[in-house]
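Asks: Same order as they appear, the protein sequences are chains W and Y.
FYI, the UniProt record's numbering numbers position 205 of the first sequence as 205, with every residue one higher than the one before it.
FYI, the UniProt record's numbering numbers position 160 of the second sequence as 160, with every residue one higher than the one before it.
These are calculated hints, taken from the structure and not from any lab test.
Each hint should be verified, as a subset may be incorrect.
Chain W side only, calculated, beta carbon under 8 angstroms to chain Y, not exhaustive [what the hints assert, rightly or not]:
1. Ile98
2. Pro99
3. Arg276
Pairwise CB distance ranges (calculated) [as the list claims (entries may be wrong)]:
4. Val37(Y) <-> Ala48(W): 29 to 39 angstroms
5. Val39(W) <-> Met112(Y): 23 to 33 angstroms
6. Val263(Y) <-> Ser181(W): 50 to 60 angstroms
Calculated Cβ distances over 12 angstroms to all of chain W for the following chain Y residues [unchecked claim]:
7. Ile50
8. Thr165
9. Ala203
10. Gly254
Even glycine gets a Cβ: it sits at the ideal position worked out from N, Cα and C.
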Amino acid sequence: MASPAVLLLLVFFVIPVVLAFGLAFTSARLVSPTPPRFVGLRNFAMLAEDPVFLRSVLNTFAFAAVVVPVQAGLALGLALLVNGRFRGTNFFRTVYFIPVVTSMVVVSIVWTFLYQKDGLLNRIIDAVTFGLVQGPDWLNDPSTSLAAIIFMSVWQGAGFHMIIWLAGLQTIPADLYEAASIDGVSRWTRFRFVTWPGLRATRTFVLITITISAFSLFTQVNVMTQGGPLDSTTTLVYQAVRSGYQQQQTAYASAISLVFFVLVLIVSLVQRYLTREKD
Amino acid sequence: MATRSPQSAARLSPVLRRLPVYALRALLALFFAFPVVFMLVSSLKPDQQIFGDLGSPRAFLPVGSLSLENYTAVFDRVPAVRFLLNSLGVSVITIVLGILVNSLAAFALSRMRWPGRKVLLTVIIATLIVPFETFALPMVWWVNKLPWLELNGFSLTLTEGWLDTYRVQILPFVANAFSIFLFHQYFQSIPKELDEAALIDGAGWFGIYRRIVMPLSGPAIATAAILTFLPAWNSYLWPLMVVQDEELRPVMVGIQYFFQLNVSWGQIMAYSSMITVPVLALFLAFQRSFINSIASSGVKG
C-alpha cells in the first residue's frame with residue numbers, strides 16, 4: 001500500500017536529488033543534441049570566478065541573517081500578544097495571518113507598487129516628517145533594494161510562525177504559570193524561566209524552517225527586482241533559475257543548486273547542534 | 001459619592017490597563033492588513049484615482065468613482081477564466097491524489113507490520129529538510145526526458161517529455177513526505193483493536209483502511225488538503241519553468257502578462273484580487289482548520 005507513494009518519491013524526489021549531484025559535474029544543457037559529458041570540477045571553477053554568483057551567496061546570507069532573527073522575534077511577539085483568551089482573540093490571529101494566505105507573487109506585486117518613488121510608503125514618510133525626508137526609490141536603489149525585500153518578506157511570513165509559536169505556547173503546562181503567579185514574579189521573570197525554556201522544541205523548528213525558507217528566496221526577487229539593481233538583490237536560487245532556465249545551462253545550474261544544498265545542510269546541522277537538548 | 005469613586009476606579013483600571021495592549025494589537029492588525037485592503041480597494045478604481053488617492057487615507061477606502069471596469073479589462077486582456085480553471089483543476093487533482101497516496105502509505109507504515117517500515121518512515125521524514133528549490137532545475141531536465149503513454153485514436157504511443165502538460169504540474173507534488181507524516185501521526189491515535197476486530201470479522205487491510213481508518217480521519221484529511229492547496233494554488237517557480245503554453249498556465253504565472261506593454265495598476269490589482277479572494281474566502285470560512293493545520297506542522301518536536 002505504500003508503493004504508489006514510494007514510487008512517486010523515487011521518481012520526483014530521489015532521482016532529481018541524485019541528478020542534482022551528478023549533473024553538476026557534466027556539460028548537460030536543457031535542450032542539446034549531444035549527451036551530457038563528464039567535465040569534473042569545471043562548473044565549480046567557473047562559479048568561483050563568477051562575480052554575480054559570489055554576490056548572490058553574499059545576498060542570500062545577508063537576507064537570512066536579518067530575516068531569521070527578526071521574523072522569529074516578531075512572530076514570537078505576536079504570539080505572546082494574542083495568546084490566551086481575550087475579546088477578539090480570533091479576529092487578531094486571523095488578521096495577522098492574512099499575508100500568509102495571500103500568495104507571495106501577489107504580495108510582491110502590491111509591495112512593488114507601495115515601494116515606488118512616489119508610492120504610498122514615501123507619501124507616508126513625507127507626511128510624517130512634514131516633507132523633511134525624501135524617501136528613496138526603494139527597489140531601484142542598490143542601497144535600499146535588499147532591505148525593502150527583507151522588510152516585505154518578514155511582514156509576509158510572520159503570521160505563519162506566530163501560529164507555530166502559539167502551538168508551542170499551548171504545550172507549556174498551566175500549573176507552571178500558576179506557581180509563578182503565586183510567587184508573584186514579574187512578567188519578564190515568568191517569560192525568562194517558564195515560557196522561554198518551555199519553547200525549546202518549537203524554537204528549533206521555527207529557526208530551521210525560517211532559515212531554509214530564507215535561503216530559498218526566489219519569488220520576491222523574480223517579481224520585484226529581477227536580481228537588480230546592480231545585482232544587489234540576486235540570490236542563489238535566482239541565479240540557479242536564471243542560468244538553468246533562461247540560459248538553459250542545466251549543468252551550471254545544478255552546480256549552483258549543489259552549493260545551495262550543501263549550505264542549507266550545514267546551516268541546519270549547525271542550528272540543530274546549537275539548539276540541541278542540553279540535559 | 002465619595003465612597004463609590006475608588007470602587008469604580010478599581011473596576012475601570014483593568015480596562016485601562018488593557019488599553020495599550022489593545023492599541024498595539026490594533027496597530028499591528030493595520031500593519032498586516034493594509035496591503036491587502038489597498039489591493040482590493042484599488043482594483044475598483046481607475047488608474048488616475050489610484051495615484052491621486054495615494055497621499056491620503058482615501059487609498060484604503062472604497063470612495064470616488066468605483067467600477068468593475070478593471071475586472072472586465074482583465075478578462076479582455078488575458079484568458080483569466082482559463083488560468084483560474086487550470087489552477088483549480090491542478091490543485092483539486094493534486095489534493096485528491098495526494099490524500100489517497102499519502103494516507104495509503106501512512107496506513108502501511110503505521111498499522112501493518114513489515115520489515116523496513118521504520119527505516120522507510122525515517123527516510124521519508126528526513127527528506128523534509130531538502131527544499132524543492134535545490135533540485136528544481138535538475139528536475140526540469142529530468143521530466144523533459146520522462147516517457148508517457150499517450151492515446152492516439154485507438155493506439156497507445158510512447159511519447160517523451162513532460163514539458164507543457166498538466167501532469168508535470170500535478171504528479172511531482174502528489175507524494176508528500178509531510179502529508180505521510182501527518183497521516184501517520186493521526187493513524188497512531190486510532191486504537192489498533194479496531195483492526196483486530198475487523199480482521200477477525202474477515203475484513204482485508206484495504207477494507208480496514210477504507211471503512212475504519214479513513215472515516216475516522218476527517219481532521220487529518222482536512223489538514224492535508226489545506227497544506228496541499230496553498231502551495232498548489234500559489235505555485236510559481238515550477239510552472240514558470242515547465243509550462244510555456246499559455247493555455248496550460250496557472251494563475252500566478254498569468255500575472256506576467258500584465259507587465260508587458262502598457263502597465264495598468266488598476267488591472268494588476270484586479271487580477272491580483274481575483275486570484276487572492278477565493279483563497280481568502282476559503283481561509284475565512286475554514287479559519288480554524290487553516291490555523292490548526294499550520295499549528296500541527298510545528299508540533300512535531
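Asks: Over 12 angstroms from every CB of chain W: does glycine 254(Y) meet that, or does the non-interface label fail?
Replies: 10 angstroms, violated
Asks: Far enough from chain W: is every CB of that chain over 12 angstroms from the CB of threonine 165(Y)?
Replies: 14 angstroms, holds
Asks: Going by Cβ atoms, does isoleucine 50(Y) stay more than 12 angstroms from chain W at every point?
Replies: 9 angstroms, violated
Asks: Confirm or reject the statement that alanine 203(Y) sits farther than 12 angstroms, beta carbon to beta carbon, from all of chain W.
Replies: 14 angstroms, holds
Asks: Regarding the hint that arginine 276(W) lies at the interface with chain Y, is the smallest CB-CB distance below 8 angstroms?
Replies: 13 angstroms, violated
Asks: Take the C-beta atom of valine 263(Y) and the C-beta atom of serine 181(W), compute their distance, and say whether it sits inside 50 to 60 angstroms.
Replies: Given range 50 to 60 angstroms: holds, Cβ gap about 58 angstroms.
Asks: For the pair valine 37(Y) and alanine 48(W), does the Cβ-Cβ distance stay inside 29 to 39 angstroms?
Replies: Given about 47 angstroms between the Cβ atoms, the range is violated.
Asks: 23 to 33 angstroms was suggested as the range; check whether the CB atoms of valine 39(W) and methionine 112(Y) agree with it.
Replies: Since the Cβ atoms of valine 39(W) and methionine 112(Y) sit about 47 angstroms apart, the hinted range of 23 to 33 angstroms is violated.
Asks: Identify whether the interface hint at proline 99(W) stands, where standing means a beta carbon of chain Y within less than 8 angstroms of its own.
Replies: Holds - the Cβ of proline 99(W) comes within 8 angstroms of chain Y, reaching about 6 angstroms at its closest.
Asks: Under 8 angstroms is the threshold here; is the Cβ of isoleucine 98(W) close enough to any Cβ of chain Y for the hint to stand?
Replies: 6 angstroms, holds
In summary, the structure is inconsistent with hints 3, 4, 5, 7 and 10 from the numbered list given earlier, while agreeing with the others.
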